[in-house]
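Taken in sequence, the protein lines are chains A and B. Just so you know, the UniProt record's numbering puts 133 at position 133 of the first sequence, and the rest follows in order with no gaps. Just so you know, the UniProt record's numbering puts 213 at position 213 of the second sequence, and the rest follows in order with no gaps.
Do not take every clue at face value.
The list treats identical chains as interchangeable, and a pair is accepted whether it falls inside one copy or across any two copies.
With a straight-line cut-off of 27 Å between C-alpha atoms, the simulated DSS-like cross-links for lysine-lysine are [said to hold, decoys possible]:
id	residue 1	residue 2
1	Lys193	Lys777
2	Lys747	Lys125
3	Lys680	Lys244
4	Lys185	Lys410
5	Lys701	Lys764
6	Lys125	Lys459
7	Lys193	Lys410
8	Lys373	Lys193
No lab work stands behind these hints: they were computed from the structure.
Here is how the chains run, residue by residue.
Protein chains: 2
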Amino acid sequence: MPSMSKESRRTQRVVLAAGASAAVAAVGSTANGFVTGPALRTLPTQTTTQQSGYVASAGEAAPQSNSALLSGGCFALAASAVAVRSGARKARRSAVATRATAVSTETATDCINAIRFLAVDAINKSNSGHPGAPMGQAPIGFCLFAETMDFNPANPDWINRDRFVLSSGHGCMFQYSVLHLTGYKSVSMDDIKQFRQWGSKTPGHPENFETAGIEVTTGPLGMGVSNAVGLAAAEAHNAAVYNKPGMPLIDHYTYCIMGDGCCQEGISHESCAYAGHLGLGKLIVFYDDNGITIDGHTELSFTEDVGKRYEAYGWQVLTVTDGNTDVDAIRQAITDAKACTDKPTLIKVKTVIGYGSPNKADSHDAHGAPLGKDEGQATRDQLGWKYGEFEVPDHVYETYRAHGARGAKKEEEWNKMWGEYKKAHPELAEQFQRIVVDKKLPANWSDCLPKATPETAGKATRLHSQDCLNAIANTLPELIGGSADLAPSNMTLMKCTGDFLKGTYDGRNMRFGIREFGMGAVANAISLDRTGLVPYCATFTIFSDYMRNAIRVAALAKAGTIFVTTHDSIAVGEDGPTHQPIETIPSLRMIPDLLVMRPADCNESSGAYKVAVELSKNESRPTFMAFTRQALPNLPNSSIENTEKGAYAVLDPADPDIVLIGTGSEVSVCWEAAKEMKDKKVKVVSMPCWELFRAQPQSYKDQILPKGVPTMSVEAAVTMGWGEWSDAHVGINCFGASAPGNTCMDKFGFNVPNVVSCANRLLKGEKGVLSDGSQGKH
Amino acid sequence: MPSMSKESRRTQRVVLAAGASAAVAAVGSTANGFVTGPALRTLPTQTTTQQSGYVASAGEAAPQSNSALLSGGCFALAASAVAVRSGARKARRSAVATRATAVSTETATDCINAIRFLAVDAINKSNSGHPGAPMGQAPIGFCLFAETMDFNPANPDWINRDRFVLSSGHGCMFQYSVLHLTGYKSVSMDDIKQFRQWGSKTPGHPENFETAGIEVTTGPLGMGVSNAVGLAAAEAHNAAVYNKPGMPLIDHYTYCIMGDGCCQEGISHESCAYAGHLGLGKLIVFYDDNGITIDGHTELSFTEDVGKRYEAYGWQVLTVTDGNTDVDAIRQAITDAKACTDKPTLIKVKTVIGYGSPNKADSHDAHGAPLGKDEGQATRDQLGWKYGEFEVPDHVYETYRAHGARGAKKEEEWNKMWGEYKKAHPELAEQFQRIVVDKKLPANWSDCLPKATPETAGKATRLHSQDCLNAIANTLPELIGGSADLAPSNMTLMKCTGDFLKGTYDGRNMRFGIREFGMGAVANAISLDRTGLVPYCATFTIFSDYMRNAIRVAALAKAGTIFVTTHDSIAVGEDGPTHQPIETIPSLRMIPDLLVMRPADCNESSGAYKVAVELSKNESRPTFMAFTRQALPNLPNSSIENTEKGAYAVLDPADPDIVLIGTGSEVSVCWEAAKEMKDKKVKVVSMPCWELFRAQPQSYKDQILPKGVPTMSVEAAVTMGWGEWSDAHVGINCFGASAPGNTCMDKFGFNVPNVVSCANRLLKGEKGVLSDGSQGKH
């Protein structure tokens with residue numbers, strides 16, 4: 001079956017007729033080690049195309065097998081063989097099994113072992129890290145980074161590159177190894193020697209903001225595979241919007257490796273169910289099924305049938321029974337994953353953690369600690385690796401870099417196509433240029449945002465948010481997003497576009513389902529796709545708790561996600577304390593590099609969106625927004641410009657006796673209270689965003705909050721933290737209650753009489769928390 | 001097949017031989033509407049017992065079908081029929097289909113409609129709520145609360161009651177209706193008329209702390225079903241520990257209803273995978289498969305094969321194709337769920353949301369808004385409900401209350417058995433009495449906790465935590481818990497006991513897997529089981545984010561969970577910023593009614609555990625604890641008693657010039673800094689718990705933090721909130737970095753020179769944030 005060729009794209013077609021084991025035998029019998037999930041019992045009477053190619057000697061320009069397959073739909077090999085984990089799970093000394101390959105078996109083996117030993121050596125040197133995963137995943141790494149993926153090490157920003165996500169981010173030496181081997185400048189051998197050290201480009205988990213070539217930041221388990229879903233969704237959307245016959249501007253795969261941890265986490269359930277629902281056919285996830293977690297063997301906690309679960313999600317599920325040595329099986333699985341264009345594919349790869357380590361393989365000992373010098377040598381002996389520490393033989397570099405060079409050529413070809421596209425489709429090209437290439441907002445884009453005066457009838461800020469989203473959606477085709485099944489409550493549906501669903505990927509309304517955490521990670525990745533998309537995602541303010549770590553990672557990893565939340569206080573009302581945020585907004589203000597905005601009216605909502613969109617597009621930074629369920633009046637002096645300063649005066653008497661600061665729905669309570677306090681000069685400040693105000697020059701801050709003037713905050717949230725801005729605080733430091741929203745606000749002290757009373761107490765010298773909601777507890 | 005009987009426990013046995021459709025036909029042909037999941041194709045050649053019984057007239061003492069089944073193992077009916085959702089999904093006017101029932105068909109119909117119309121009327125009156133779910137779930141409610149479940153409305157605390165959880169908590173009028181109908185005093189008709197009003201016993205989501213008869217607080221989707229897993233786990237554990245032949249002290253089922261939302265949430269994936277792994281055979285979950293979510297039909301976002309997914313988890317999956325009227329099918333499913341003793345059962349019940357409403361059924365309109373008066377009447381007409389608003393006919397009350405009376409009798413029988421048990425097994429009975437009945441800690445229990453002096457060699461507080469947990473485990477058999485697959489990192493394994501796993505439910509080490517959110521909810525429920533268990537659960541401090549809402553709900557719902565976290569700061573080191581908590585601990589201090597403890601040494605760790613265990617056991621309140629990865633010295637004056645005060649002086653010179661407050665690992669930094677500042681009188685305060693210190697008398701607070709003395713906090717976390725205790729702050733308001741832990745601490749300013757320098761700046765009058773970690777950003 002192997003055929004020789006020096007052309008890079010010549011393929012040998014093998015038409016496989018349906019027929020379970022016969023088909024498998026044709027490919028390579030059970031030695032192939034590649035079987036479908038157990039439930040794919042019915043074979044389609046369908047044909048497909050299998051490709052393979054190799055060259056006789058290493059170093060030569062080699063063919064590859066990642067070109068698009070001609071047949072669509074899902075194709076499944078089936079066999080009576082089932083994937084049985086070896087009882088002993090002993091690592092064996094053996095070269096990889098290759099059948100039809102781009103390089104010689106020997107070179108492939110060395111290329112794979114190079115990944116393993118860079119990991120072993122770096123982790124030994126730093127005396128910290130996780131060698132087991134890279135050692136098990138190395139053959140996948142070889143297949144992807146030396147044979148399959150399209151990328152250009154010289155330009156990690158190439159728009160149409162294949163994306164790769166290491167969801168099991170603790171095994172990041174895997175990724176640093178392949179980035180180094182393929183020639184990314186971001187990871188030199190010195191960087192590898194500085195693994196996990198202060199200031200290095202090789203931190204303990206992959207960080208896209210530190211290391212070029214890393215797409216997303218992983219480590220929090222399940223986050224990476226959810227990001228991969230987002231990257232694949234971005235690809236599907238951009239492809240649907242821009243691709244033209246013969247001109248597939250956006251046409252790449254998203255690959256991911258995840259481990260047991262990612263599989264167990266709920267976030268992966270959410271995002272992978274969503275991916276199955278969407279039918280993201282260009283998402284290919286390797287599940288590194290090594291049977292070991294920190295506690296020990298997975299039998300302790302994890303005995304489900306993962307493959308069957310993914311089939312239930314609507315994925316194609318393939319199995320590689322020996323991922324340690326059977327490179328052909330991995331290749332075949334990738335081929336068949338690509339052949340299935342209407343479903344994501346999960347490739348279960350049975351590996352041995354710490355493969356090759358005579359004393360630590362297949363045990364938790366290989367997971368999170370260095371092998372040590374002696375075991376490193378023993379592993380060298382077992383795997384026949386004759387090279388020293390941090391030594392990579394030339395033929396290994398050459399093999400990986402030859403593939404990198406092919407990627408560079410792919411980029412050249414793509415650039416040529418893009419040139420032709422500009423001529424053929426000038427209008428779309430202009431849009432692509434602005435959004436995807438330049439990643440710039442149109443001039444005066446924010447003119448579209450709604451404005452109001454105090455005379456304009458008030459409404460809930462969630463309705464202002466709706467107006468803003470729709471105005472932006474009309475203006476910016478790069479706005480894409482949706483709600484975790486709360487579209488009619490969050491008011492997040494864009495009227496100018498359809499649903500982003502299987503078959504309608506050009507739609508921009510994402511139907512995330514009731515999957516907040518997955519949603520957050522998917523939205524983050526849509527930003528980190530770096531094709532200029534501006535993602536938003538929405539839920540009730542309280543349920544941002546469900547995706548809190550995605551919000552945190554957005555801030556850390558510089559994802560420009562706009563987190564739209566509504567029902568932002570106890571004014572939620574009847575749904576009660578499980579649905580009433582108290583600590584949510586203040587606690588999010590603690591996340592570094594996250595903007596938290598709580599607008600009070602129309603103009604502040606517009607201002608919040610202006611800030612959020614520009615941060616997303618221009619700086620790839622996230623914004624969290626909290627809108628009300630209930631109607632609010634439009635405030636004096638409220639404007640987009642004032643909102644951008646984080647705080648401004650709504651009422652601004654000269655030489656005020658007291659300053660009342662409100663946010664969101666409490667600004668108008670302060671305003672009303674000020675009107676009541678006729679014998680005092682009451683300044684009222686609206687502070688929609690602490691972070692923006694903190695960044696203002698001291699002179700502006702002093703102008704808004706004059707020194708020496710007693711200042712009181714009023715916010716329907718916990719008071720912790722308000723000491724930064726005010727002397728006295730009206731807040732709620734207890735849980736809310738189920739009752740109509742206005743009743744809740746009233747009972748817990750967010751009414752004019754209580755605010756006036758507390759203001760008077762402050763004027764008499766009382767400080768600190770003057771009203772904490774405890775009066776409302778019955 | 002129906003047989004008559006006036007005995008409550010007489011059963012009719014129907015031996016079902018293997019053989020798919022024949023077996024189904026024997027039970028009730030396709031009219032039965034009850035089919036197994038598609039993958040249960042192979043029928044065991046096993047027999048089982050099917051029970052049914054009914055009485056001729058309502059009001060009579062009726063037999064029931066919930067007694068224990070004799071056969072173990074899983075039994076599955078299979079049929080060629082598949083569950084096809086009706087295209088039109090039209091609600092039909094029809095009485096329920098009953099075949100072999102305790103009450104007449106007419107009465108059953110009325111009992112079901114009573115649930116529906118109490119929901120419709122209450123929600124119309126309050127003008128707020130979710131009528132659709134109760135209308136669809138009413139037949140399940142009838143089967144459970146009028147026929148199946150063992151409970152005593154007069155004593156909601158009966159230890160061996162069946163547990164019920166409404167995971168789709170927004171449909172809480174379902175639960176209030178059945179509690180009212182069965183005779184719980186906690187829900188009078190007046191309470192129902194006060195639905196969702198201030199101070200009512202019928203809040204907008206079920207709240208166990210408001211309404212007797214409600215086991216857990218639901219509303220945050222997926223939380224309830226995860227709680228149900230925890231309740232079933234508690235049952236399995238207690239049964240394994242206490243049950244003796246013929247004396248099943250703990251022997252009850254846990255029932256749950258969940259909707260699409262719960263199914264989609266990641267938390268349910270985690271907990272249900274865990275339940276399948278554990279093989280919790282007495283957990284029976286109804287999936288209210290109504291095809292509608294807030295956004296519209298589930299086709300928009302939710303097209304997975306839920307049944308297949310649950311099979312993959314190791315659940316038995318049954319389907320009821322017409323849950324609106326086919327009561328027999330529901331009964332049969334419950335019977336078969338009970339017959340499967342080694343797996344949890346998911347019963348997919350196809351229902352129509354808002355069933356009976358001519359214009360709103362099967363649409364989002366029925367989900368979250370009142371039907372309105374007119375549609376309420378139209379629904380009455382359609383369903384033939386001839387009673388007025390809030391009117392319940394006597395025969396309905398009689399039917400439900402007859403079942404309640406049977407439950408009371410069950411409790412009597414149980415009390416008798418418990419009396420005999422005390423004689424037969426006095427030692428275990430004593431333990432049961434203390435732990436489960438009295439829910440009291442033994443006198444002097446905390447003597448077991450380790451103590452140290454400053455001379456004792458220091459170690460990481462996570463190791464102190466390990467010592468504490470093991471000391472408590474030896475002393476308190478009610479301590480049960482574990483880690484989300486970080487046992488060897490969190491140091492949470494109890495050496496005196498085995499694993500809580502299928503077959504070894506008496507073990508107390510729970511192997512939660514990498515499932516933090518599910519873990520938190522399961523642990524909460526183990527406390528809310530109210531059998532005196534003290535649950536703990538563990539992960540890295542940063543990944544408490546993943547279960548943040550479970551922590552919040554623990555505080556709200558008064559679950560006595562001990563959240564053990566380790567790796568509590570940037571001193572985590574090499575794992576980098578994704579693993580380094582910065583804002584985590586401060587943000588948790590914002591959750592009302594949650595104690596957050598960050599111990600600094602051995603004695604503080606013991607103090608933290610003393611507080612946590614007593615809060616859990618005596619007040620059913622949660623504690624969050626954060627321990628270090630790195631070694632720390634033992635401090636002067638540190639003691640359990642001082643820890644219980646929340647803060648105390650480590651160094652206490654008379655008339656101090658300055659006070660340095662530290663928490664956890666930073667106390668020793670302050671201590672060292674104080675030694676450096678030889679020319680000043682430096683008081684050093686350790687503050688392991690803000691909440692406890694806040695609760696001290698003012699005199700104590702003034703003694704610890706003398707007024708007028710400049711005070712500076714040092715904590716490796718964001719500074720927000722420290723204004724409550726100190727004038728100046730040393731903290732970190734940026735993300736950390738990957739490097740050895742001591743390097744991180746040093747670079748970000750948590751070293752003696754920087755603390756001394758900042759203290760001197762404070763002494764010169766500088767206030768506010770004096771060190772924010774930004775010096776460490778490279």
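Query raised in the report: From the Cα coordinates, with 27 Å as the cut-off, is the pair Lys747 and Lys125 best called within, between, both, or neither?
Result: between (62 Å within a copy, 21 Å between copies)
Query raised in the report: Given identical chains, is Lys125 near Lys459, meaning Cα to Cα at most 27 Å, within a copy, between copies, both, or neither?
Result: between (61 Å within a copy, 25 Å between copies)
Query raised in the report: Is it within a copy, between copies, both, or neither that the alpha carbon of Lys193 lies no farther than 27 Å from that of Lys777?
Result: Between copies only: 21 Å across, 59 Å inside.
Requested in this report: If the cutoff is 27 Å on CA atoms, where do Lys193 and Lys410 land: within, between, both or neither? Let me know, please.
Outcome: For Lys193 and Lys410, the Cα distance exceeds 27 Å both inside one copy (31 Å) and across copies (70 Å).
Query raised in the report: Under a CA distance limit of 27 Å, which applies to Lys701 and Lys764: within one copy, between copies, both, or neither?
Result: Cα proximity of Lys701 and Lys764: in one copy and across copies (25 Å, 24 Å).
Requested in this report: Go through the copies and call it for Lys185 and Lys410: within, between, both or neither, with a Cα cutoff of 27 Å.
Outcome: within (19 Å within a copy, 74 Å between copies)
Requested in this report: Could you place Lys373 and Lys193 in one of the four classes (within, between, both, neither) given a Cα distance threshold of 27 Å?
Outcome: Answer is within; shortest intra-copy Cα gap is 15 Å, inter-copy 74 Å.
Query raised in the report: Is the C-alpha distance from Lys680 to Lys244 at most 27 Å within one copy, between copies, in both cases, or in neither?
Result: neither (68 Å within a copy, 76 Å between copies)
Violation of the numbered hints given earlier is confined to hints 3 and 7; the remaining hints are satisfied by the structure.
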